[in-house]
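Produce the complete structure using the sequences and hints provided.
There are 2 protein chains.
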Amino acid sequence: MKQSHLFTKVRKELPADEVSINAQLLLRAGYIHKEMAGVYAYLPLGWRVMNKVMQVIREEMNVVGGQELFLTSLQDSKKWKDTGRWSDEVIDVWFRTTMANGTEVGLANTHEEAIAQVMINHIHSYKDLPVVAYQFQTKFRNELRAKSGIMRSREFIMKDMYSFSRNKEEHDAFYEKAQQAYINVFERLGIGNVTYFTFASGGSFSQFSHEFQTVSEVGEDTIYIDEEKGIALNKEVYTDEVMEMLGVKKDTLVEKAAVEVGNIFTLGTKYAEALNLSYTDEDGSVNPVFMGSYGIGPGRVMGAIVELLHDDKGIVWPDAIAPFRFHLVNLNKDSVQADSVYDSLQRAGFDVLYDDRSASAGAKLAEADLLGMPYRLVIGSRTGDKVEHTVRKTGKSDLYSVDELISQHA
Amino acid sequence: MKQSHLFTKVRKELPADEVSINAQLLLRAGYIHKEMAGVYAYLPLGWRVMNKVMQVIREEMNVVGGQELFLTSLQDSKKWKDTGRWSDEVIDVWFRTTMANGTEVGLANTHEEAIAQVMINHIHSYKDLPVVAYQFQTKFRNELRAKSGIMRSREFIMKDMYSFSRNKEEHDAFYEKAQQAYINVFERLGIGNVTYFTFASGGSFSQFSHEFQTVSEVGEDTIYIDEEKGIALNKEVYTDEVMEMLGVKKDTLVEKAAVEVGNIFTLGTKYAEALNLSYTDEDGSVNPVFMGSYGIGPGRVMGAIVELLHDDKGIVWPDAIAPFRFHLVNLNKDSVQADSVYDSLQRAGFDVLYDDRSASAGAKLAEADLLGMPYRLVIGSRTGDKVEHTVRKTGKSDLYSVDELISQHA
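Line by line, the protein sequences are chains A and B.
The first sequence runs 229 to 638 under my numbering.
The second sequence runs 229 to 638 under my numbering.
Source of the hints: derived by calculation from the structure; they are not laboratory data.
Keep in mind the model is a prediction, meaning the values are calculated, not measured.
Heads up, a few of these hints could be off.
Since the list can't tell identical chains apart, any single copy or any two copies may satisfy a pair.
[Claimed, not checked] Cross-link-like lysine-lysine pairs, in silico, DSSO-like; alpha carbons within 30 Å at most:
#1 Lys-309 x Lys-367
#2 Lys-309 x Lys-237
#3 Lys-307 x Lys-367
#4 Lys-355 x Lys-240
#5 Lys-309 x Lys-498
#6 Lys-405 x Lys-240
#7 Lys-355 x Lys-237
#8 Lys-240 x Lys-498
#9 Lys-405 x Lys-230
#10 Lys-355 x Lys-592
#11 Lys-396 x Lys-237
#12 Lys-484 x Lys-457
#13 Lys-306 x Lys-367
#14 Lys-592 x Lys-306
#15 Lys-592 x Lys-614
#16 Lys-367 x Lys-237
#17 Lys-396 x Lys-230
#18 Lys-237 x Lys-621
#19 Lys-306 x Lys-498
#20 Lys-592 x Lys-541
#21 Lys-306 x Lys-240
#22 Lys-230 x Lys-355
#23 Lys-237 x Lys-307
#24 Lys-309 x Lys-621
Shown next as structure tokens:
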């Protein structure tokens, strides 16, 4: 894409109330827009990042048999009353609104009740199980405070997946697959090495649930890491009993602040029982369906990555989710050489942001650093017929011909 | 996809209050779920259709330079008060909700105010214009009645595009391009021949706006078609004056019911003036930005297509948006031959729904008709080493080898 065509500009003045680093950088670089506190729009560059994050997640959910659907934001209160979650004392982040006929409805903050209701129409027999379904959809949470930028917002896209199994055994087998899918997601997103599989408190049906916690100074959570085993405990389960059970020792655990980027949870038959989601088993008995839920917030992941991977010049995107792989910056007066490099890279199938604007070299280079594409390509009077290739993360520069460039990145 | 893996089932019992044909068929076939009146979830097959519709639209919006973004559902009331559209007397479909701090906010039913606010940060000079941006996003409309299935719902995804131009001349040039993009969309979606470019009333900045109206018995609108010119007038502009201006004659116009599947509108400087969205021109003067808006509801398009293209056996999808091109139905006891055909078609890059379940031939064939994939492939005792290929739309059947099948559809 030619940057002269991109409508977003680098901004100098930011909303006065913005305190988070992730939102400050993303606002300055024109990736997002702040509608109001805790409510952010994604502008073209930011939406490209979000789509790349979502596509990585989608591919991994498909691998474990997830079927994509799209539930609704407006929620009938009835089934939430059946599970006891309509009350503000149980869920304290409801947004509610009123239909023209006077009926009060809720804006979905999660979708267990909604998807269980869908499954009542489609799950009848043990032969219909297991079922795994997921969506990417806006969730609304009426947070009292929202000071973490896109890491905790009042409105955000969430990938939420739900599993429906015959019994705990079938559920456990899927839960393990989901766990691996989550590990793959964070690995592919470039934060695998700082994201820990973290034990958290479970519920009636399982001693533990699990969180995926990314170590970050701005994290709202505290975790206790066993580096050797590559696992962590959250505060809820940081007890002598659990440590013994997991074979970890207090004096080797390292306490760190972290951001919860995902969680997986055994729901058991709680929702199925409250909502009458049941199946007929081989022996003719009618049993409640055994459920699990699996969440990742792509916006939170994006925010956490900005918090982790930035320097004093700007954002440093990992390859997998950068809006463009290359930022081609033309410093020459004419554009013949740069146009030709742009065409060659596009033909070779690469995503390229091409700064074809007339501006000072200093301004263009500073903007490339702020925007944070992984590889900057500069063409100027000193690069001759070659291209200066700079890795954003390390600052390492080399002169390459276009052919060398393409083969290096193939 | 193997049908044994698809979680949705054909349903016999439908919600008692469902009166529209599109929703009845889509519910029976398991494409959608009814959360409540006017609020529908898209299940895997339905979500595949929606994504195909959206992808066609996306490609055509990109061709005219549209940049995709994603605005927010929660809307700060301030800018809506500035344009006078916060009041229920002006916009009678607001859903409103209250933040934890007591502030009242709205759920977006359209996004002119929101996107103009975004552009205030990014449009400064005439050099920044024109700008075209669009999104696919949930809109909320608090309709008093919702009896048209997915053609008019209280919550629905809309593609809304907005253009920002220097003046009417620059706007008009883009408006014409957008018009062509819309014609391309409906052509590609398979309803070009029954969708009319329809003159509707404009506003202060343009005598006309334009609607794209698809002829349908269940349409809520009435249009007057000039078949020869391929244009129509809606009720608002069905006057002697306009007929003369357009060179059409009353006695050749045909009155028909139609569904509005898209509209394009010249907004002029109304929003820019109310919200202070301005740019500095070449001569140093500061002028309001000239806006246009361009909407298509993919769900309404999908519903209108179901209304138009169905028969007494079920849905008849056009090729471009069918969830799968082929419905491969195995009637043999063993699956050796069918598995092999499935593999060959998948390797050749086709979307195939493969009915690998054990059920009666009658049930499987009836279900294939209801689900409505454009090409049914039957393998059974009477087809030998060939495949019976039936066109859903015409019922025409032929016996093909797999190679013939692939080359026919290449």
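Taking the hints in turn, this is what the structure says about them:
1. In this assembly of identical chains, the alpha carbons of Lys-309 and Lys-367 lie at most 30 Å apart whether taken from the same copy (19 Å) or from different copies (26 Å).
2. Within a single copy, Lys-309 and Lys-237 get their C-alpha atoms only as close as 47 Å, which misses the 30 Å cut-off; across copies the closest is 27 Å, which meets it.
3. Taking the shortest Cα distances, Lys-307 and Lys-367 sit within 30 Å of each other both inside one copy (18 Å) and across copies (24 Å).
4. For the identical chains of this complex, Lys-355 and Lys-240 are inter-copy neighbours only, at 19 Å across copies versus 59 Å inside a copy, given an alpha-carbon limit of 30 Å.
5. In this assembly of identical chains, Lys-309 and Lys-498 lie within 30 Å of each other by CA distance solely inside one copy; the values are 14 Å within and 45 Å between copies.
6. Taking the closest pair of Cα atoms, Lys-405 and Lys-240 never come within 30 Å of each other, the shortest separation being 46 Å inside a single copy and 34 Å across copies.
7. Taking the closest pair of Cα atoms, Lys-355 and Lys-237 come within 30 Å of each other only across two copies (12 Å); inside a single copy the shortest separation is 55 Å, beyond that limit.
8. When the C-alpha separation of Lys-240 and Lys-498 is checked against a cutoff of 30 Å, the pair qualifies only between copies, where the shortest distance is 28 Å, while the shortest distance within a copy is 51 Å.
9. For the identical chains of this complex, Lys-405 and Lys-230 are inter-copy neighbours only, at 20 Å across copies versus 42 Å inside a copy, given an alpha-carbon limit of 30 Å.
10. In this homomeric assembly, Lys-355 and Lys-592 come within 30 Å of each other (Cα to Cα) only across copies, at 17 Å, whereas the closest approach inside a single copy is 61 Å.
11. In this homomeric assembly, Lys-396 and Lys-237 come within 30 Å of each other (Cα to Cα) only across copies, at 24 Å, whereas the closest approach inside a single copy is 53 Å.
12. For the homomeric pair Lys-484 and Lys-457, the shortest alpha-carbon distance inside one copy (16 Å) is at most 30 Å, but the shortest distance between copies (71 Å) is not.
13. In this homomeric assembly, Lys-306 and Lys-367 come within 30 Å of each other (Cα to Cα) both inside a single copy, at 19 Å, and across copies, at 23 Å.
14. In this assembly of identical chains, the alpha carbons of Lys-592 and Lys-306 never lie at most 30 Å apart, being 56 Å within a copy and 36 Å across copies at closest.
15. Taking the shortest alpha-carbon separations for Lys-592 and Lys-614, only the intra-copy value of 19 Å comes in at or below 30 Å, while the best inter-copy value is 63 Å.
16. Within a single copy, Lys-367 and Lys-237 get their C-alpha atoms as close as 29 Å, and across copies as close as 27 Å, so both meet the 30 Å cut-off.
17. In this assembly of identical chains, the alpha carbons of Lys-396 and Lys-230 lie at most 30 Å apart only when taken from different copies (25 Å versus 54 Å within one copy).
18. Taking CA atoms no more than 30 Å apart as the test, Lys-237 paired with Lys-621 passes inside one copy only; the shortest distance there is 23 Å, against 50 Å between copies.
19. With identical chains, the CA atoms of Lys-306 and Lys-498 are at most 30 Å apart within one copy only, with a shortest distance of 16 Å there and 43 Å across copies.
20. In the homo-oligomer, the alpha carbons of Lys-592 and Lys-541 lie at most 30 Å apart inside one protomer (13 Å), although the nearest pairing across protomers, at 62 Å, exceeds that limit.
21. Taking identical chains as interchangeable, the C-alpha atoms of Lys-306 and Lys-240 lie at most 30 Å apart only when they sit on different chains, with a minimum of 23 Å there against 48 Å within one chain.
22. Taking the shortest Cα distances, Lys-230 and Lys-355 sit within 30 Å of each other only across copies (14 Å), while inside one copy they are farther apart (53 Å).
23. In this assembly of identical chains, the alpha carbons of Lys-237 and Lys-307 lie at most 30 Å apart only when taken from different copies (22 Å versus 46 Å within one copy).
24. For the homomeric pair Lys-309 and Lys-621, neither the shortest alpha-carbon distance inside one copy (51 Å) nor that between copies (46 Å) is at most 30 Å.
Consistency note: the structure conflicts with the earlier hints numbered 6, 14 and 24.
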